[in-house]
Amino acid sequence: MSYSVTEPSSRQKWVAGTLVVLYALITMVPLLWIMMTSFKTPPDSISYPPKILYQPSLEGYVNLFTTRTRVSPEKLASLPPPANFAEEIVRDRKMVIAGPSKFGGRFLNSVIIGFGSTFLSVFLGTLAAYAFSRFKIPLADDLLFFILSTRMMPPIAVAIPIFLMYRKLGLNDTHLGMILLYTAVNISLAVWLLKGFIDEIPREYEEAALIDGYTRFQAFYKVVLPQAATGIASTAIFCLIFAWNEYAFAVLLTSGTAQTAPPFIPTIIGVGGLDWPAIAAGATLFLLPVMIFTVMLRKHLLRGITFGAVRK
Amino acid sequence: MAEIVIKNLRKDFGDFTAVQESSFTIEDGEFFMLLGPSGCGKTTTLRMIAGLELPTSGEIFLDGEEISQRPPSKRDIAFVFQMFALYPHLNVRKNISYPLASQGMKRRDIKAKVAEVSKILGIEHMLDKPVGGLSGGDRQRVALGRAIVREPKAFMMDEPLGALDAEFREHMSEELRALHDRMGATTVYVTHDQLEAMQMGDKIVVMNNAVVEQFGTPRDIYNKPASVFVADFIGSPSMNFLPFNGTVKSGDTTVQMGQQRIVVPEQLTSAEGELILGIRPENISLSDNGAVKSSVVALEYLGTTQIVVLDSEYGELKARVDAAQPVAVGENVGLEFDSATITLFAKSNGRALRSVLNDGVFPHG
Chain A
0 MSYSVTEPSS
10 RQKWVAGTLV
20 VLYALITMVP
30 LLWIMMTSFK
40 TPPDSISYPP
50 KILYQPSLEG
60 YVNLFTTRTR
70 VSPEKLASLP
80 PPANFAEEIV
90 RDRKMVIAGP
100 SKFGGRFLNS
110 VIIGFGSTFL
120 SVFLGTLAAY
130 AFSRFKIPLA
140 DDLLFFILST
150 RMMPPIAVAI
160 PIFLMYRKLG
170 LNDTHLGMIL
180 LYTAVNISLA
190 VWLLKGFIDE
200 IPREYEEAAL
210 IDGYTRFQAF
220 YKVVLPQAAT
230 GIASTAIFCL
240 IFAWNEYAFA
250 VLLTSGTAQT
260 APPFIPTIIG
270 VGGLDWPAIA
280 AGATLFLLPV
290 MIFTVMLRKH
300 LLRGITFGAV
310 RK
Chain B
0 MAEIVIKNLR
10 KDFGDFTAVQ
20 ESSFTIEDGE
30 FFMLLGPSGC
40 GKTTTLRMIA
50 GLELPTSGEI
60 FLDGEEISQR
70 PPSKRDIAFV
80 FQMFALYPHL
90 NVRKNISYPL
100 ASQGMKRRDI
110 KAKVAEVSKI
120 LGIEHMLDKP
130 VGGLSGGDRQ
140 RVALGRAIVR
150 EPKAFMMDEP
160 LGALDAEFRE
170 HMSEELRALH
180 DRMGATTVYV
190 THDQLEAMQM
200 GDKIVVMNNA
210 VVEQFGTPRD
220 IYNKPASVFV
230 ADFIGSPSMN
240 FLPFNGTVKS
250 GDTTVQMGQQ
260 RIVVPEQLTS
270 AEGELILGIR
280 PENISLSDNG
290 AVKSSVVALE
300 YLGTTQIVVL
310 DSEYGELKAR
320 VDAAQPVAVG
330 ENVGLEFDSA
340 TITLFAKSNG
350 RALRSVLNDG
360 VFPHG
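Going line by line, the protein sequences match chains A and B.
Sequence positions in the first sequence follow numbering that gives the first Met the number 0 and run 0 to 311.
Sequence positions in the second sequence follow numbering that gives the first Met the number 0 and run 0 to 364.
Simulated from the structure, these hints should not be mistaken for laboratory data.
Watch out, some of these pointers could steer you wrong.
Quick list of simulated restraints, FRET-style, between CB atoms [stated by the list, open to error]: (1) B:Gly131 with A:Ala158: 47 to 53 Å; (2) B:Glu173 with A:Phe237: 41 to 47 Å; (3) A:Lys101 with B:Arg107: 54 to 60 Å; (4) B:Ala297 with A:Leu138: 57 to 63 Å; (5) A:Leu286 with B:Ala165: 41 to 47 Å; (6) A:Arg297 with B:Ser235: 53 to 59 Å; (7) A:Leu286 with B:Asp127: 37 to 43 Å; (8) A:Phe237 with B:Arg107: 53 to 59 Å; (9) B:Gly302 with A:Tyr220: 34 to 40 Å.
Built from N, CA and C at the ideal position, the CB exists for glycine as well.
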């Protein structure tokens, strides 16, 4: 077996490329299927054999955002012509729109709780990681281990104590309660990840800033933070993905005002029979924010850390 | 521009003493070298002057003001790092103007100042480039620009040429020295390279194991070393050390080394027991009349001079002689020592014995 550092041959590239593309396709099929289902009509979504080609429809999305009631054909005929495409779709099913569904509110809850806890985790995590990285803290190693140990059992194992505590504290079903909970789970990840990134930033940058007349805090946010952007971005993505997708605590601790989308989407099943397109539409919309966030920060994730100006 | 006085400066890191009771004075406008092997405390000393480390005890005076406990931003001292430490997220212009921006200087004034400094350093054409793509020398110039732009009272430089390749180093060291002469600012420069220290420095402090071994002009340090360490560290090849058992009394002008009586500068102290005679290679000459017998073991040809490695009754010696002098390996030659240049050391503590040669050069007895 010989190893070489030269460019792989075009044949090797072709094989590798094909494998990667195949793998990507396989992992993307479920997502693609969900998106396709969200644009089907309910009869198309349960037809057998499954339809690959079909007439796209927005019925799933309309059903996701509205509640509807069935009316008699006479009543239907007496109504004025439909004002928009949503009413048109609903009337084809011999129903009228009764009002908005709860999805919008639940989605907004997810946004508030997901991004709120991500911001808090990264904010606290960065400050803690900087302190652990740069200052002499007594028992620093033990403290770091303690922080990590909060992840050593599944969070759901403490669900009942948390449920009881939250009831006492009045944090049940509140945005603040969920933000604090997700932050508590994410903070250890944030501290450890960010400490690694900040350790990699040479101290000379801050020292140069101190010499250049800045305070320690100014040096931190003017010099260290821009250098740590890559680490902060990837940490934020990990935190957001956890908080955004979390299901168990959300089921347990939220029911109304602060309920997030993950426990809400499956409840659509009960509303008007098995409305697969509406569920798929909810899942599709739910996927979007994390996808957009990840794509936005992609540049930071992929860009190598720019230590260009310091020779190592 | 300023005078820096260091008094009994000490730094402990836990049980480890990095700098031990150091005292020296850096005069206004001096190009001052802190020289020593790695781990000797020279960088710690520099960082204490700049305020990046706080001393455990002792005082630092800058222009008569005690500054040892002040934060670096309140000292008006610039620092050039070994690895340059240019801010990688800013371009050259922003890097140079960074210290001015912290003082809240007007944008127009900053622009003028940066233009002036970049002209001095010849980096005007790269002001809007990111620092990532610059060559080592250009990074060095930008780092210098960032230091000189605010016209500080003094410059600290931590092996600023250490990251450059040998060829470019030579060039940069000349540039640095010229820049210093032009600005006349007090400069403290840390290096482990004795040649660099000799070349550029007005004065040198030689440190070893947290202790200041000697402090003086390059000439004094080379010709009148205060200890075996200094004599060995400075000069290439280093000084020859000839150990012997003997007695030295105040007023002696010769010492008895085995069979030979060797003439030395008049001694001003007494010592006995294990002593060391130190002589530089260029102060040994090969001559048939030489009292010390030796044979030639090897030759190193260096262009204008050659190093002759000799096996003598006192052990191996190196002599630096004119390249034109015919010498052959295996030849037996006599050696003559230039007695005025000889320094005697006590083996017990490595210190030089006082003589008319080095009287007054170092403070200890």
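How the hints compare with the structure:
no.: 1; hint: B:Gly131 with A:Ala158: 47 to 53 Å; in the structure: holds, 49 Å
no.: 2; hint: B:Glu173 with A:Phe237: 41 to 47 Å; in the structure: violated, 52 Å
no.: 3; hint: A:Lys101 with B:Arg107: 54 to 60 Å; in the structure: holds, 58 Å
no.: 4; hint: B:Ala297 with A:Leu138: 57 to 63 Å; in the structure: holds, 58 Å
no.: 5; hint: A:Leu286 with B:Ala165: 41 to 47 Å; in the structure: violated, 58 Å
no.: 6; hint: A:Arg297 with B:Ser235: 53 to 59 Å; in the structure: holds, 55 Å
no.: 7; hint: A:Leu286 with B:Asp127: 37 to 43 Å; in the structure: holds, 42 Å
no.: 8; hint: A:Phe237 with B:Arg107: 53 to 59 Å; in the structure: violated, 45 Å
no.: 9; hint: B:Gly302 with A:Tyr220: 34 to 40 Å; in the structure: violated, 56 Å
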